[in-house]
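In order, the protein sequences belong to chains A and B.
Note that my numbering has the first sequence beginning at 3, numbered continuously upward.
Note that my numbering has the second sequence beginning at 271, numbered continuously upward.
Don't read these hints as lab results, they were simulated from the structure.
Any given hint might turn out to be false.
Listed below are the simulated SDA-like cross-link pairs for lysine to any residue, each with C-alpha atoms no more than 25 Å apart in a straight line [unchecked claim]:
(1) A:Lys100 / B:Met548
(2) A:Lys373 / B:Gly466
(3) B:Lys390 / A:Thr232
(4) B:Lys491 / A:Gln142
(5) A:Lys64 / B:Leu503
(6) B:Lys584 / B:Gln405
(7) A:Lys272 / B:Asn523
(8) A:Lys373 / B:Ala476
(9) A:Lys100 / B:Leu528
(10) A:Lys64 / B:Met597
(11) A:Lys64 / B:Asp586
(12) A:Lys187 / B:Val297
(13) A:Lys64 / B:Ile621
(14) A:Lys100 / B:Glu534
(15) B:Lys491 / A:Leu50
(16) A:Lys187 / B:Gly284
(17) A:Lys92 / A:Leu37
(18) A:Lys373 / B:Arg463
(19) B:Lys584 / A:Arg342
(20) A:Lys187 / A:Ile173
(21) A:Lys100 / B:Phe464
(22) A:Lys92 / B:Phe537
(23) A:Lys373 / A:Thr122
(24) B:Lys390 / B:Gly355
(25) B:Lys584 / A:Phe56
(26) A:Lys373 / B:Leu469
(27) A:Lys100 / B:Arg530
(28) B:Lys584 / A:Gly328
(29) A:Lys272 / B:Gly284
(30) A:Lys100 / B:Ile472
(31) A:Lys100 / B:Pro465
(32) B:Lys491 / A:Phe345
(33) A:Lys373 / B:Asn523
Please read all numbers here as calculations on a predicted model, not as lab measurements.
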Amino acid sequence: MEQITEPTEHRPVGDKEVQSKGALDWLATNVFRILISLFVPIVTFIGLYLGFIFLRDSNAPKGVVAIVAIVWGVGGVAALYLVSNWLVEKLNDEWRAKIQPFVFVGPAVAILFVYLLYPTVATFRLSLFDRNGEVFVGLQNYVEVFTNRSMFTAFRNNILLWIPFGALFTIVLGLLIAVLADRSKFERTAKALIFMPMAISMVGAAVIWNMIYDVNPNIGMLNWIYTSLTGNSPQAWTASNQPWNNLFLVVVMIWLQTGFAMVLFSAAIKGIPSDITEAARVDGATEVQVFFRIMIPYIRGTIITVTTTVIIFTLKIFDVVQVMTGGQFDTQVIATQFYREYFTARNSGYATAIAFVLLLFVVPVMIYNLKQFGETEAF
Amino acid sequence: MTAQTASKKKRRIGWGAIFVNVVLVLVVLAWSIPTIGLLVSSFRSRFDIQTSGWWTIFPHQEWVTVAEFTPGPEVDRDGVMTFEGVSGTFQELRDGIQSGNTQVIWIGNKRIGRVVVQEKQWTAGNHDFTLENYQTVLGGKSFEIKQPDGSTITVQGDNFVNAFLNSLIVSIPATVIPILIAAFAAYGFAWMRFPGRRLLFIIVVALLVVPLQIALVPILKLYVGIDLNGTFLGIWLAHTGFGLPLATYLLFNYISTLPREILESAFIDGASHFTIFMRLVLPLSVPALASFAIFQFLWVWNDYLLALIFIGSKPDVQVLTQRIAEMVGSRGNDWQVLTAGAFISMLVPLIVFFSLQRYFVRGLMAGSVKG
Numbered sequence: 003m004e005q006i007t008e009p010t011e012h013r014p015v016g017d018k019e020v021q022s023k024g025a026l027d028w029l030a031t032n033v034f035r036i037l038i039s040l041f042v043p044i045v046t047f048i049g050l051y052l053g054f055i056f057l058r059d060s061n062a063p064k065g066v067v068a069i070v071a072i073v074w075g076v077g078g079v080a081a082l083y084l085v086s087n088w089l090v091e092k093l094n095d096e097w098r099a100k101i102q103p104f105v106f107v108g109p110a111v112a113i114l115f116v117y118l119l120y121p122t123v124a125t126f127r128l129s130l131f132d133r134n135g136e137v138f139v140g141l142q143n144y145v146e147v148f149t150n151r152s153m154f155t156a157f158r159n160n161i162l163l164w165i166p167f168g169a170l171f172t173i174v175l176g177l178l179i180a181v182l183a184d185r186s187k188f189e190r191t192a193k194a195l196i197f198m199p200m201a202i203s204m205v206g207a208a209v210i211w212n213m214i215y216d217v218n219p220n221i222g223m224l225n226w227i228y229t230s231l232t233g234n235s236p237q238a239w240t241a242s243n244q245p246w247n248n249l250f251l252v253v254v255m256i257w258l259q260t261g262f263a264m265v266l267f268s269a270a271i272k273g274i275p276s277d278i279t280e281a282a283r284v285d286g287a288t289e290v291q292v293f294f295r296i297m298i299p300y301i302r303g304t305i306i307t308v309t310t311t312v313i314i315f316t317l318k319i320f321d322v323v324q325v326m327t328g329g330q331f332d333t334q335v336i337a338t339q340f341y342r343e344y345f346t347a348r349n350s351g352y353a354t355a356i357a358f359v360l361l362l363f364v365v366p367v368m369i370y371n372l373k374q375f376g377e378t379e380a381f
Numbered sequence: 271m272t273a274q275t276a277s278k279k280k281r282r283i284g285w286g287a288i289f290v291n292v293v294l295v296l297v298v299l300a301w302s303i304p305t306i307g308l309l310v311s312s313f314r315s316r317f318d319i320q321t322s323g324w325w326t327i328f329p330h331q332e333w334v335t336v337a338e339f340t341p342g343p344e345v346d347r348d349g350v351m352t353f354e355g356v357s358g359t360f361q362e363l364r365d366g367i368q369s370g371n372t373q374v375i376w377i378g379n380k381r382i383g384r385v386v387v388q389e390k391q392w393t394a395g396n397h398d399f400t401l402e403n404y405q406t407v408l409g410g411k412s413f414e415i416k417q418p419d420g421s422t423i424t425v426q427g428d429n430f431v432n433a434f435l436n437s438l439i440v441s442i443p444a445t446v447i448p449i450l451i452a453a454f455a456a457y458g459f460a461w462m463r464f465p466g467r468r469l470l471f472i473i474v475v476a477l478l479v480v481p482l483q484i485a486l487v488p489i490l491k492l493y494v495g496i497d498l499n500g501t502f503l504g505i506w507l508a509h510t511g512f513g514l515p516l517a518t519y520l521l522f523n524y525i526s527t528l529p530r531e532i533l534e535s536a537f538i539d540g541a542s543h544f545t546i547f548m549r550l551v552l553p554l555s556v557p558a559l560a561s562f563a564i565f566q567f568l569w570v571w572n573d574y575l576l577a578l579i580f581i582g583s584k585p586d587v588q589v590l591t592q593r594i595a596e597m598v599g600s601r602g603n604d605w606q607v608l609t610a611g612a613f614i615s616m617l618v619p620l621i622v623f624f625s626l627q628r629y630f631v632r633g634l635m636a637g638s639v640k641g
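Whenever a hint applies, use it, and build me the whole structure from the sequences.
See below:
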């Protein structure tokens, strides 16, 4: 992509005319300009600050606060852009061309630095210090992360139970449903209903599934089925039979994510040219052969993308576990351990080490993304 | 011969279609049942929920008591007894004896117990549906609720109206702000030239999959330092920060492919970057903006982790997901209010989902990599 060259004949106010009118006029105009340039941003900032104080301290009815907050938040950001752009447009061409890109890109870059880049460095630094962030302990926290028993359980759950079972079932079910729906007359309805859980919060999903797993067979559907089929007494599914109780939590994630996998696979399957599959069928291939020999290889790229996405999602799973078991009964995962260590055990060094380990897990994906980006012609 | 193969093929396809549809219906049912259960339960009274499963509102066969009496003293309780044509010893009767469509059970002890005769009948149960749960959950005041035995108990409302409004206050700016900032940045990256452009965009790409846990502790420390913890501004900016890499990346992909000729002719007409951005680029990017907006809105509305950390326990500011998680902890067995609360929190996402399905799917597909 090439750069658009700005036409040079475009000038807001001709500086030459101003200069020719004598020093006094020139001074008056520019002082006036400078004053305005200072006045407008200052008024904007005061306005925004007053809004902030109002929102923090006011006892106004909630409805009023809601409207003020939304107008203030959205309008404030828009006002900041308007004012800074207004200032930049007052400059001469040369300076404007230099500064304007930073008016556009600057806020985003600044926020990324404050919210992601600086914290990553700060987290790494904290992870080398003790629980209060005062004494330097080197890699001691990392040694602890990989030897602590409770952390070991978290890694086991996350890497040996959540990722294999969660990803496998999500992908397989998503693929099967996509293939089935593709041949059904009520494809749209079926897909909408299976995709719907994606709209629900994980906290809401946790309530739904807590109810299904409830010990009282009048509340818990699973126990109702289990007791009426086997005659055994009801089970506490998410608490007993460790470590398999974890799988009952994994089911919640499968329920949430299968719709996502299905939609992507469905789009990919529709992209397979029908003459290829038809030719195979004419040559006597069975449906199973068509599925394994043609469809799967054809949508390989999509399968890899979906698998990566589901694995990253699973690695960071937090809400489901936190709300359903609170990480008790050996159901803790990496993200709940991080939360527990920082907010309950108040061990900042150890908690930040856990967070940094989580980052290390996604580094391969990050490198892959950067490689892909390097190959594009966009820049 | 040909007719035969044709009919054979047709029959195979027929069976295949039936198989496909039956399996699909079963899967769809399995996927919908959890949500249906939640919805049904939220309209049932506390008593009903504790004593019968929500699925009993559907017609099913159940033992229904048709007669109940106390056997007189003349009945020999140690021998074989016969009631309603069913005979058995006391022990057998205690466990219940079934014969055809009838069942006889001895309830209570040997001397003064009762005999219950039940028949298997089709029933949809006897249920009261009520809006009381929603009243309790939404309101902030205390309520008097009638118990099935006639007595009343007072319950404290859960003030979900407040939490609902907070969710809106958090979600709307936390959706619009990152989009606005990202759109400006995407335009800058796509159509302006400045030093460090490539490096800065590489940083955006690298940050796409960074798990947000990495940033929580330093930002929390920063917030505590400048008193931003527990404020709307604090949580908006946090959501903006974590949503920005993805928003910038997606909008860049869209804005950089806008036709050059349109933008160039605007420049020749003397329009500034700002005018072109506001008048041309934003209106042309509406599909991309809408997709990301829906993704970000749902992400923020459904978020629990960031709210937990940056809003914490401030009841004035708490959002729906926090209130529900708290209720799971404090009133985990009050399913009538838990289900109503959970359904209220799902209402907005479900409306967005069913009304904007196409954009929704596109947004989620694009946004699935978010850290």
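Original post:
Are the Cα positions of lysine 92 of chain A and phenylalanine 537 of chain B separated by 25 Å at most?
Top reply: Roughly 18 Å separates the two Cα atoms, so the pair holds.
Original post:
Taking 25 Å as the top limit, are the C-alpha atoms of lysine 187 of chain A and glycine 284 of chain B close enough?
Top reply: It holds: about 13 Å lies between the C-alpha atoms, which stays within 25 Å.
Subject >> Proposed proximity, glutamine 142 of chain A with lysine 491 of chain B (alpha carbon, max 25 Å) >> reply: Satisfied, since the Cα-Cα distance of roughly 23 Å is no more than 25 Å.
Subject >> Straight-line alpha-carbon gap lysine 373 of chain A to threonine 122 of chain A, limit 25 Å >> reply: OK: lysine 373 of chain A and threonine 122 of chain A at ~21 Å, within 25 Å.
Original post:
Under the criterion that the straight-line Cα-Cα distance not exceed 25 Å, is the pair lysine 390 of chain B, threonine 232 of chain A satisfied?
Top reply: Judged against 25 Å, a Cα distance of about 21 Å means the pair holds.
**OP:** Could you grab the alpha-carbon distance between lysine 64 of chain A and isoleucine 621 of chain B and see if it respects the 25 Å cut-off?
**Re:** holds (23 Å)
**OP:** For the pair we were handed, lysine 373 of chain A and asparagine 523 of chain B, check the Cα-Cα distance against 25 Å.
**Re:** This hinted pair holds, its Cα atoms lying about 16 Å apart.
Original post:
Between lysine 64 of chain A and leucine 503 of chain B, does the CA-CA distance stay at or below 25 Å?
Top reply: With Cα atoms ~16 Å apart, lysine 64 of chain A and leucine 503 of chain B stay inside 25 Å; holds.
Original post:
Regarding the pair lysine 584 of chain B and phenylalanine 56 of chain A, is the alpha-carbon distance no greater than 25 Å?
Top reply: Answer holds: lysine 584 of chain B to phenylalanine 56 of chain A is near 17 Å, not above 25 Å.
Original post:
Holds or violated: are the alpha carbons of lysine 100 of chain A and leucine 528 of chain B at most 25 Å from each other?
Top reply: holds (24 Å)
Original post:
Given the hinted pair lysine 100 of chain A and isoleucine 472 of chain B, is their alpha-carbon gap at most 25 Å?
Top reply: holds (21 Å)
**OP:** Decide if the proposed pair is consistent with the structure: lysine 187 of chain A and valine 297 of chain B, CA atoms, cutoff 25 Å inclusive.
**Re:** Holds: lysine 187 of chain A and valine 297 of chain B sit about 15 Å apart, inside 25 Å.
In this structure, none of the earlier numbered hints is contradicted; all agree with it.
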